[in-house]
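A.B. asks: So the chains spell out like this:
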Amino acid sequence: MSVITCNGLTKKYGRNKALNNLSFSIEENKITGLIGRNGSGKTTLLKIIAGHLKETSGEIKVFSEKPYNNLMVSANIIFIHDQMNLPAALNLKEILVVAANFYENWNSELANRLFDYFSFNPSHYYQDLSKGMKSTFNSILGLSARCPLTLFDEPTTGMDAGVRHDFYRAMLKDYISYPRSIIISSHHLNEVEDLLEDILLIKEGKEHLHLPSEDFKEWSIGMQGKTAIINEWTVDKEIIHTRSIGLDQSYVVVRNQFSEQEVQRARIAGIELSPVSASDLCVYLTSKTEGGIDDVFNHG
Amino acid sequence: MNLNLDGTKPIYLQISEWLEREILNGNFESDQKIYSQYQLAEIFNINPATAAKGLNILADENILYKKRGLGMFVTSAAKEMILTKRKNETLKKLVQEIVLEAERLSVSKGELIEMIKAADLGGEEK
Amino acid sequence: MMSLTTVSLTSIVKKQYSYKLKAYVQVFWNLVFLQLLAILFSLNGVGMSGSSSETLEVEVHYYSADLVAFFTMLWGFIIAIIITTKAYRNDDFTFVTNRLSHNLSNILFLLTASIIGGLTAMLSPNLLKVIMYIFDRQLMVASTSAAGSLNEFIIGICTTSLYIFLFCALGYLIGTLVQIHKVFVVLVPALFFGALFLGGVSGNTRIVSNFFGFIFTESSILLFMTKIIISCTLVFASALVLSTRLEVKQ
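Chains as they are written, first to last, in my numbering: chain A, 1 to 300; chain B, 1 to 126; chain C, 1 to 250.
If we strip away everything but chain A, and leave its shape as in the complex, we get (with noise of 0.2 Å):
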């Protein structure tokens, strides 16, 4: 049963394209990364999935139904995102008693031990808490609402390494106690890759890649060696990234297609195989150029 399904969907601000013709679809029940670049389309995609924009062409349905302005689809969905309105005259411990209010399935107990657990204070207020703390308290709201969809748009900005830690730790026990469809926008896809069934890679509005995180990370590989035999070996082959190293070496990452043959070959060849991570992959995917940022620096 899909969860969110979409087909061709477009947002236009003015003349720019947000999204661009974006379909994919997402299973219920499972935690799939949104990764892509800063302008790539993933937080305008997340606010019209939580029906805060109104697409402006195509289709979109949540649950089936269209998401903007509907009220089953705003019950069943909560959106976390940095840029959060939590209402300034409630402290947190009232902004938790109203959240409770709202969403049929919310858990107080976690609400408040995860409350305690990263020491805030109940008569504080939400505008004196520094950026990651809040982002500490948005991901308590998110994980406590337990709401069949829940939304993160890069929840751990401003969170130092532990509390990022304890927020994929919390999210993946909560997941597995009690499952609901979860999609996680991250820069981090490193740290957050093993939480992910699924990975949905963003490139210009545009769905570009769509596979089990575990796929991810088998898609591609890396070449290294003299750069003669690398051309020769990768003449009929997509290259993803290319780098020079040293006068006469280069590393190229290539689409993962290699028998077991061919592998041994290539090795006997000189040429140094290795995996290519999810993270690194996604990088190199969407760079504009196969050298990247060397680029700017290899003109003239």
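Calculated directly from the structure, the hints in this document are not laboratory data. As the structure is a computational prediction, the values presented were derived from the model and not from experiment. One or more hints might be untrue.
From the structure, some residues in chain B lie toward chain A, with a derived Cβ separation under 8 Å [unchecked claim]:
| # | residue |
| --- | --- |
| 1 | P10 |
| 2 | E42 |
| 3 | N47 |
| 4 | G69 |
Virtual Cβ for every residue (Gly too), placed ideally from N, Cα, C.
With chain A fixed as given, assemble chains B and C onto it according to the hints.
C.D. replies: This is chains B and C only, laid out in the frame that chain A set:
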């Protein structure tokens, strides 16, 4: 056991190999229930679906069998099968690696056999 | 699949309304402040007359708490605009809402605020008297207000509250227009003052005064209340329709 996260080996493979070692060590007897995907997910801090993949590999190889609604159990022949597999596949692969490396370093097979003989097991010489 | 929660519009509106009473409590402090300020200005008096004879000198100062009512209407207008601004508008979208429930709970809140404003405005003449008495014990205070009979007091609250509610409606509509497009910040005052100006120049103040005359000079209570309620409904309804186009922008 900490997972090797540098990407050299897929997580689900590391999980299935760890389970095999657990069975070899005798932590799980035949027809005993093995960890569920959720327990594995909590132990290793990974997504349950990845853990499930590791379990399914072992099920496909008949090291584990599934009881509907109850989970995965160790087959009676599990221990032997794992040993055989390790010998055939894993050890063979390692041998292949050594031979290949020797080839690249221009070490003859004779030299290689001498090196193997001299290798220290940390125990008795066999 | 986890079972989806179904919600009714009324339950969400109720929840939002009670949440707003807590979260927007600041506006009531503003009300107190403004009304006290109005009372302070009212201490100046609105008129005086005196007479004297050989044995007796009489000075009569007239005071009016009308300023309080006027300030309260202004307050209604302003808070209605404030709750249409981003910071307040987006509060609902953090939790559960659609645009209809968001507007309905806002309207309920404004209605509550209007009633409270009307009540305190009606009580302010009493406060005025108390203050004057504290300052000069020798005064004799007589009142021509309708505060005497309970019936008239309640009618006073109703009419004042409805006036305030009308101002709220106007503020809400204008605030919504401004949120849709910033141009209205300039356009609305321009239209209003333009109409006044044109009226003043041509000696024909019909347009604006007719509008106010229609409502404010109604003598029958029931008819008056009906007119205001209908006007408020129209104004809020337009704001509602317009706001469905509003996306949630941070």
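A.B. asks: All hints are to be evaluated individually against the structure, with a verdict given for each.
C.D. replies: Going down the list of hints, with the structure as the test:
1. For P10 of chain B, the interface hint holds, the least distance from its beta-carbon to any beta-carbon of chain A being 6 Å, beneath 8 Å.
2. About 6 Å separates the beta-carbon of E42 of chain B from the nearest beta-carbon of chain A, less than 8 Å, and the hint is met.
3. For N47 of chain B, the interface hint holds, since its Cβ comes within 8 Å of a Cβ in chain A; the closest pair sits about 5 Å apart.
4. The criterion of a C-beta within 8 Å of any C-beta in chain A is not met by G69 of chain B, whose closest approach is roughly 17 Å, and the hint is violated.
The earlier numbered hint that this structure contradicts is number 4, and it is the only one.
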